[in-house]
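*Asks:* Dock chain C against the given chain F, drawing on the hints supplied.
What follows is the residue order along each chain.
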Amino acid sequence: MPSAVEIEGFCYTYPDGTVALSDVSLKISPGERVALIGPNGAGKSTLLLAMNGFLKGSGRVVIDGKQVAGRNKKAIRSVIGCVLQNPDEQLFMPTLFDDVAFGPLNMGIVGRQLTSRVENVLRKVGLAGMSHKAPHHLSAGQKRAAAIATVLAMSPAIIAMDEPDSHLDPRSRRGLVELLAGLEQTLVIASCNMNFAAELCSRAVVMDQGSITADGKAREIMVNSELMLKHGLEVPSSFKV
Amino acid sequence: MHHAYIDKFAYQDSPVHRLDSRVKLVAVIVFTALVISVPRHSLSILVCYAVGPFAMLVIGGIPIRFTLKHIVIVSPFVLVLAASSVLYGKAPVAVEFGPFTVHTTTGWLQFFNILAKFVVTMLALIALVSTTRFAELLRGLEKLRVPKLLVVQLGFLYRYIFVLIDSVHHILRARAGRKLRYLGAKAELKTAGSMVGSLLIRSINTAERISMAMQARGFDGTFRTHSKMRITLKDYLFCAAACSFLLLIYLIIRPALI
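Chains F and C are the protein sequences, given in the same order.
Each residue of the first sequence is one higher than the one before, starting from 1192 at the first, in my numbering.
Each residue of the second sequence is one higher than the one before, starting from 2 at the first, in my numbering.
Isolated chain C (complex conformation):
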């Protein structure tokens, strides 16, 4: 079965793809923190921030359509959160767009602020995972001293989520092949419950066999990994560019626009 792997463009080659995963990870974390720290009624500064991840996506050759699709997929969760701010911020406010002035409320301003922050941080996140192989990302996390157990869990999650999705598809297909009519809410729920139960038992069995495979290869509870990562000149250049960009916005553009 074919899946929409989040790192499907990570196997391309570009200057961004060739960067060390640690450098990209740290840059994205700092970038996200700065975007989140933008005051809740400011919008224009977020457009400036968007330039950074947008440049990474363009240089990395990541299709805009793919990026937008993934932003739209996650957006409902943020939309619900953002919509609630409209209900609370009733104070009137005038917003100037060059020669135009729009009268609105602080709630709506906050709504667009949350949405814009979400889009900009998602751009950065997609730029990171689309230009870095998941294994490299995990290696980067490990080198950045993220607890090994957490890194291993993330690795297992990414490795087996698609196996689990395949199982779900097989079960749904088997049901669809035999379900010829609507059986009523109670019977449908009972069937769904059995399906979830079967999936749970399968997952437990799979986990047991993975554990066996690990023990058969000498696993004794300590995860040993082999990774060689080296920061090179191009990584230093990226660091310098990212720092200059963020400092320019933070020290010069941001005070002028807020």
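One chain only, chain F, in its complex shape:
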């Protein structure tokens, strides 16, 4: 069985010369839940973009056995779903239905099959009966759930999320944790919120200055206060004695 994600020696430098990723190697097995943790500017978001084939760097990125390259980007993107940090950028269609249907339509799903898929996904994320709503009429928590629904509708094997809990109140965050905990897909979550990452992920990958500095079981990494402090992070309150 191929790895869900396999990255080997990936390097990427922004056009202004800033090194964003330097010799990043990472292997994620199917069904794993991995938290990419690190301070702002560590390269977490850039790594997620590289997984989706948005960045052309050196090195190798393989998703579900397929190497990310120009010719197979469409195939790659039907395997890995990307949820951006700001739901307003993820939800660009006039109604929630249109937004959730956007991906499946591009995959060639139409008619009754499309309608039932959209309705099922909306039910799954707790937005049943809201398909006619415009995205700007949703609350922050609903927008986040809707953003995840847009990706779930494509039935990807892997979901990559960038700071999914940002700007959420505790109730919405709780709802999001419950939603994500119920997913079967491989999850790669970039987050600065250690409590959120600790609740959802069994594995943590620490990134700093464009490199992976630690990789292991989430609990073992996150209780290491020295390591966490060194990389501008903190031990999650749930792990504090």
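The hints are simulated quantities; they were obtained by calculation from the structure and are not laboratory data.
One or more hints might be untrue.
To be verified - Simulated crosslink set (EDC-like; lysine to aspartate or glutamate; CA at most 20 Å straight-line):
hint	chain 1	residue 1	chain 2	residue 2
1	C	229	F	1310
2	F	1264	C	209
3	F	1324	C	14
4	F	1315	F	1375
5	F	1265	C	209
6	F	1247	C	221
To be verified - Pulled from the structure, derived: some chain C residues nowhere near chain F, Cβ distances all over 12 Å:
hint	residue
7	77
8	126
9	201
Since the model is a prediction, treat every value here as computed from it, not as a measurement.
Glycine included, every Cβ here is placed at the ideal spot set by N, Cα and C.
*Replies:* Relative to the frame of chain F, chain C by itself:
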């Protein structure tokens, strides 16, 4: 942040709300063309035309206050245009209101004609957007074969105009929080320039990320949409009523009043 969405009453339910957006769109376009075609010195016929959109607003449960407010907001542009006609039309003319006769100029008559046409067409436009969800309107435009690119652009415009307005409010608030005194015209202009620049860069970044979100969901340059629209009996009845109303005015009332 809360915004004054133009379609804020479009989520209500009424017989007008339940009509197919294509039928309403075509009716409003034909209505507008007929109103515009009224001769420039006629006024009374425009009052008859106003009955149609007024009925739609009343049946649709759209508050008159909301309607008037939106007409007033847009009116300055038309007022400037209408005022210019007063300067050019100096020929004297007598206007009869029943037993009364008012002596004025063709310019003033044209001024009121432009204003009345503006109010009547705005009534129709507000009746349309207040009883039709914006997404339905876009779907209607698409079904009426308006170029898809234009429809998509309109959709994006409506989706992101409020996000942009929010950004403007945030920037203005940040400035107000730190601006303790008037800095002089030059410095104020420089600050305003920086703010506009920052807004432009933010918009470009947002556009880039939206493009990424689209590509991540398989977008390859072709917009695919899913829409099911069906003309039903109530739409045919509306068509018949709208046609009868417009024909009655055009063939019988209009020749008698002009």
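*Asks:* Minimum C-beta separation from residue 77 of chain C to chain F exceeding 12 Å: can you confirm that?
*Replies:* holds, 27 Å
*Asks:* Between residue 1264 of chain F and residue 209 of chain C, does the CA-CA distance stay at or below 20 Å?
*Replies:* This hinted pair holds, its Cα atoms lying about 18 Å apart.
*Asks:* Holds or violated: residue 1315 of chain F with residue 1375 of chain F, Cα cutoff 20 Å?
*Replies:* holds, 12 Å
*Asks:* So if I understand the rule, the pair passes when the alpha-carbon distance is 20 Å or less; does residue 1324 of chain F with residue 14 of chain C pass?
*Replies:* holds, 14 Å
*Asks:* Starting from residue 229 of chain C, check that the Cα of residue 1310 of chain F is at most 20 Å away, please.
*Replies:* Holds: residue 229 of chain C and residue 1310 of chain F sit about 15 Å apart, inside 20 Å.
*Asks:* Please settle this one: residue 201 of chain C was flagged as non-interface, so is its CB more than 12 Å from every CB on chain F?
*Replies:* holds, 17 Å
*Asks:* Need the status of pair residue 1265 of chain F, residue 209 of chain C: alpha-carbon distance at most 20 Å?
*Replies:* Distance of about 18 Å is within 20 Å: holds.
*Asks:* Please work out if residue 1247 of chain F and residue 221 of chain C have their alpha carbons no farther apart than 20 Å.
*Replies:* Holds, at roughly 18 Å.
*Asks:* Quick one: work out the minimum CB distance from residue 126 of chain C to chain F and report holds if it exceeds 12 Å, violated otherwise.
*Replies:* The claim holds: residue 126 of chain C sits with its nearest Cβ about 19 Å from chain F, beyond 12 Å.
Comparing the model with each numbered hint stated earlier shows that all of them hold.
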